[in-house]
Every structure is written in C-alpha cells, then in structure tokens.
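A.B. asks: This is what each chain is made of:
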Amino acid sequence: NAGVMQNPRHLVRRRGQEARLRCSPMKGHSHVYWYRQLPEEGLKFMVYLQKENIIDESGMPKERFSAEFPKEGPSILRIQQVVRGDSAAYFCASSPAWDRVYEQYFGPGTRLTVT
Amino acid sequence: ELKVEQNPLFLSMQEGKNYTIYCNYSTTSDRLYWYRQDPGKSLESLFVLLSNGAVKQEGRLMASLDTKARLSTLHITAAVHDLSATYFCAVDLSGTASKLTFGTGTRLQVTL
Numbered sequence: 173n174a175g176v177m178q179n180p181r182h183l184v185r186r187r188g189q190e191a192r193l194r195c196s197p198m199k200g201h202s203h204v205y206w207y208r209q210l211p212e213e214g215l216k217f218m219v220y221l222q223k224e225n226i227i228d229e230s231g232m233p234k235e236r237f238s239a240e241f242p243k244e245g246p247s248i249l250r251i252q253q254v255v256r257g258d259s260a261a262y263f264c265a266s267s268p269a270w271d272r273v274y275e276q277y278f279g280p281g282t283r284l285t286v287t
Numbered sequence: 004e005l006k007v008e009q010n011p012l013f014l015s016m017q018e019g020k021n022y023t024i025y026c027n028y029s030t031t032s033d034r035l036y037w038y039r040q041d042p043g044k045s046l047e048s049l050f051v052l053l054s055n056g057a058v059k060q061e062g063r064l065m066a067s068l069d070t071k072a073r074l075s076t077l078h079i080t081a082a083v084h085d086l087s088a089t090y091f092c093a094v095d096l097s098g099t100a101s102k103l104t105f106g107t108g109t110r111l112q113v114t115l
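Protein chains in written order, with the numbering used here: chain A, 173 to 287; chain B, 4 to 115.
It should be emphasised that the hints constitute simulated quantities derived from the structure, not laboratory data.
It cannot be assumed that every hint is accurate.
To be verified - Derived lysine to any residue pairs resembling SDA-like cross-links, with alpha carbons at most 20 angstroms apart: (1) B:102 - A:201; (2) B:102 - A:225; (3) B:59 - A:277; (4) A:216 - B:59; (5) B:102 - A:182; (6) B:6 - A:199; (7) A:199 - B:53.
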C-alpha cells in the first residue's frame, strides 16, 4: 500500500509565478490536510479537505492561496503570485474516515523555493 | 488560541544517557501525537495518546499524557545515535485529528 505521495518534491519559482503542489492520499483515505513548515519551525495547519469539500480552511492565508480535492485526482494546493515568504516545506497528510484514532499519515513534502 | 510548547528546544546528550522532552499545551485536549522528523524528511508517527494517563512505549522511547496538567512527556532511555532527530508533539482539539497544532519541536542530538 503506497503511502501519501506528493509532487513535485522540490519546486523553484520566481516571484510572481504560480506554484501548484499535488498530493495523492493513501489508498482508501478520503481526508486530506495541508501543513506548512518554515525553516526551524513546527508545522502549521493550513486546510482540511474531504472529497469535493473544504472542511476547515482556518489556517489558509486569505489571499493567493487555494486548495481543492476533486472527486477524481489528487488534492492541489495552489499559490498564486508567489513571494519570498512563501518559501517553505509544504506537507500533505491523509487519514481514513473509518479510523477512530484519526491518525494522520504524512507525505514526503514539497520544498518550495521562491527566488 | 491553543499554544503548544516544547522544551527543551535543543538537546545534546551522550549515548547511554536518559532524558525527557516536555510538551505543554494551553487548552484541554485528550488526544496528543508524537512525531519524529529527520532533516529534510517527512514526519514519522511515533505515538498516539488518546486518554488521560495513557502511556506507550516503543524501544527506547516512552510517551505519557496527563490531560489534567496539560502535559505530555517523551522519555528517552539509554540514548543511541540513531535517535538523533527533531521530535514534535501535536495536540488535537477537534477530537477527530482534523486540525493538529504542533509544538515548536525539540532537536535531539545524540553524541557518541
């Protein structure tokens, strides 16, 4: 059973460009979470999605950031007009709806560098 | 707003020694997670603590949870170099792990 997959693993963008980060949850998992980790810091929650629904986006910046988890295909975190402060590692996690422990399984992360 | 604090932030210890990492949080929760992160890598789940008084052990690591004191500990016994990593605790207020709040992390360095 493959784990959570993220791509790309490394992404370099110039200021003003768009960044698209993809996350494929573990097989059978219908809940996806996105976190951001700045250097030398802990992870910060961004958004929680289920298929075709945003459940909690309280950690998402109000502008330039959006997330989706379509019925088919991976979840996508989109950052428009990137700035240097967006440089960070972005982790996706998934969990199954049926697991009472609700443990989150993390992907390898996408390291975004904005030049 | 929930705050999760870990101490120490950095820990250098010799192989064979024992030490404890502390995780304090500011709001009542009975669900806490411990993760390990190696440099440049993702997070590996270590323990899931689901109730007051929960204690779990795996190898040289033991985690406990005191919900009344809002405190979790990660105890390291007879440290070995392979335990060098950053350790994070994460608190769940939702009851369904839909929004974890992570601590600041403790960077552990075990020297030979």
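A.B. asks: Against each hint, give a clear statement of whether it holds in the structure.
C.D. replies: Here is how each hint holds up against the structure:
With a C-alpha separation of about 16 angstroms, the suggested pairing of residue 102 (chain B) with residue 201 (chain A) holds against the 20 angstroms cut-off. The straight-line distance between the Cα atoms of residue 102 (chain B) and residue 225 (chain A) is roughly 15 angstroms, inside the 20 angstroms bound, and the hint therefore holds. A distance of roughly 19 angstroms separates the Cα atoms of residue 59 (chain B) and residue 277 (chain A); the hinted pair therefore holds under the 20 angstroms criterion. Of the pairs offered as hints, the one joining residue 216 (chain A) and residue 59 (chain B) is violated, with about 26 angstroms between alpha carbons and a cut-off of 20 angstroms exceeded.
Restraint check for residue 102 (chain B) and residue 182 (chain A): not satisfied, since their Cα atoms lie roughly 25 angstroms apart, outside the 20 angstroms limit. For the hint linking residue 6 (chain B) to residue 199 (chain A), the alpha-carbon distance of about 33 angstroms lies beyond 20 angstroms, and the restraint is violated. Restraint check for residue 199 (chain A) and residue 53 (chain B): the C-alpha separation of about 25 angstroms exceeds 20 angstroms, so the hint is violated.
Going through the hint list in order, the structure does not satisfy hints 4, 5, 6, 7.
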